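Enquirer: Each chain is listed here by its residues.
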Amino acid sequence: GAVVSQHPSRVICKSGTSVKIECRSLDFQATTMFWYRQFPKKSLMLMATSNEGSKATYEQGVEKDKFLINHASLTLSTLTVTSAHPEDSSFYICSARDPGQGASGYTFGSGTRLTVV
Amino acid sequence: AQSVTQPDIHITVSEGASLELRCNYSYGATPYLFWYVQSPGQGLQLLLKYFSGDTLVQGIKGFEAEFKRSQSSFNLRKPSVHWSDAAEYFCAVGAYGGSQGNLIFGKGTKLSVKP
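Going line by line, the protein sequences match chains P and S.
The numbering used here runs 39 ahead of the 1-based position in the first sequence.
The numbering used here runs 1282 ahead of the 1-based position in the second sequence.
Next up, chain P with everything else stripped away, as it sits in the complex (with noise of 0.2 Å):
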């Protein structure tokens, strides 16, 4: 089945810093990824959609010159968090829609914990 791989699922980083997460399709091309993040104790809330060879969407709060979204090839996306804050703490999961599975097929990957110090 399909496989979207997600890196680091760890990471730790002081503040100030940026990080960049990876979401890579194994096994489609997905010509549109996800993000999310999902805070403690609390549901996955869209932060943007990548779109292959464009600019992605933003959802309403997201700043996006925080949340750097590329998406250069066909599975490939990364999301850098720029000059991180210890509020941006949180799981951030993306996820792949496989164009050969219709419109239900979603796949995410495993998750990236990021801890800002």
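Please keep in mind that the hints were generated in silico from the structure rather than gathered at the bench.
In this text, all values refer to a predicted model and were calculated from it rather than measured experimentally.
Do not take every clue at face value.
Claimed, not checked - The list that follows gives simulated cross-link-like pairs (lysine to any residue, SDA-like), each with its CA atoms no further than 20 Å apart:
(1) S:K1392 to P:F130
(2) P:K80 to S:K1331
(3) S:K1331 to P:F130
(4) P:K81 to S:A1369
(5) P:K81 to S:G1323
(6) P:K81 to S:T1294
(7) P:K81 to S:K1343
(8) S:K1343 to P:S149
(9) P:K80 to S:P1322
(10) P:K80 to S:K1392
(11) P:K80 to S:D1367
(12) S:K1350 to S:L1338
(13) S:K1392 to P:R76
(14) P:K81 to S:P1322
Model the placement of chain S on the given structure of chain P, informed by the hints.
Expert: Below, chain S without anything else, positioned relative to chain P:
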């Protein structure tokens, strides 16, 4: 606007007992419905999904869910819970043909299993 409601924040059941997790959705068109399970610190694993056909859907790990359009519900069931089922469960609706095609999640139900 689309939404998903999981009324139960936390449920505790005894091992071997039956389980039902509730999910109600709000969406004008035909919904694509999903149940995911998340273990602590882990990503999401798809249990089952519904997008057409038989309204009773079988999933992995012995789970099933029934789509009831009249009740706008998609409740998850398991006849006999195992201790390894303890996790967070998320119901989600996918809106293909909507603005983004992303998933909208409920707030989750934490399942605890008593020995």
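Enquirer: Of the numbered hints stated previously, which ones are contradicted by the structure, given in increasing order?
Expert: Structure breaks hints 2, 3 and 7.
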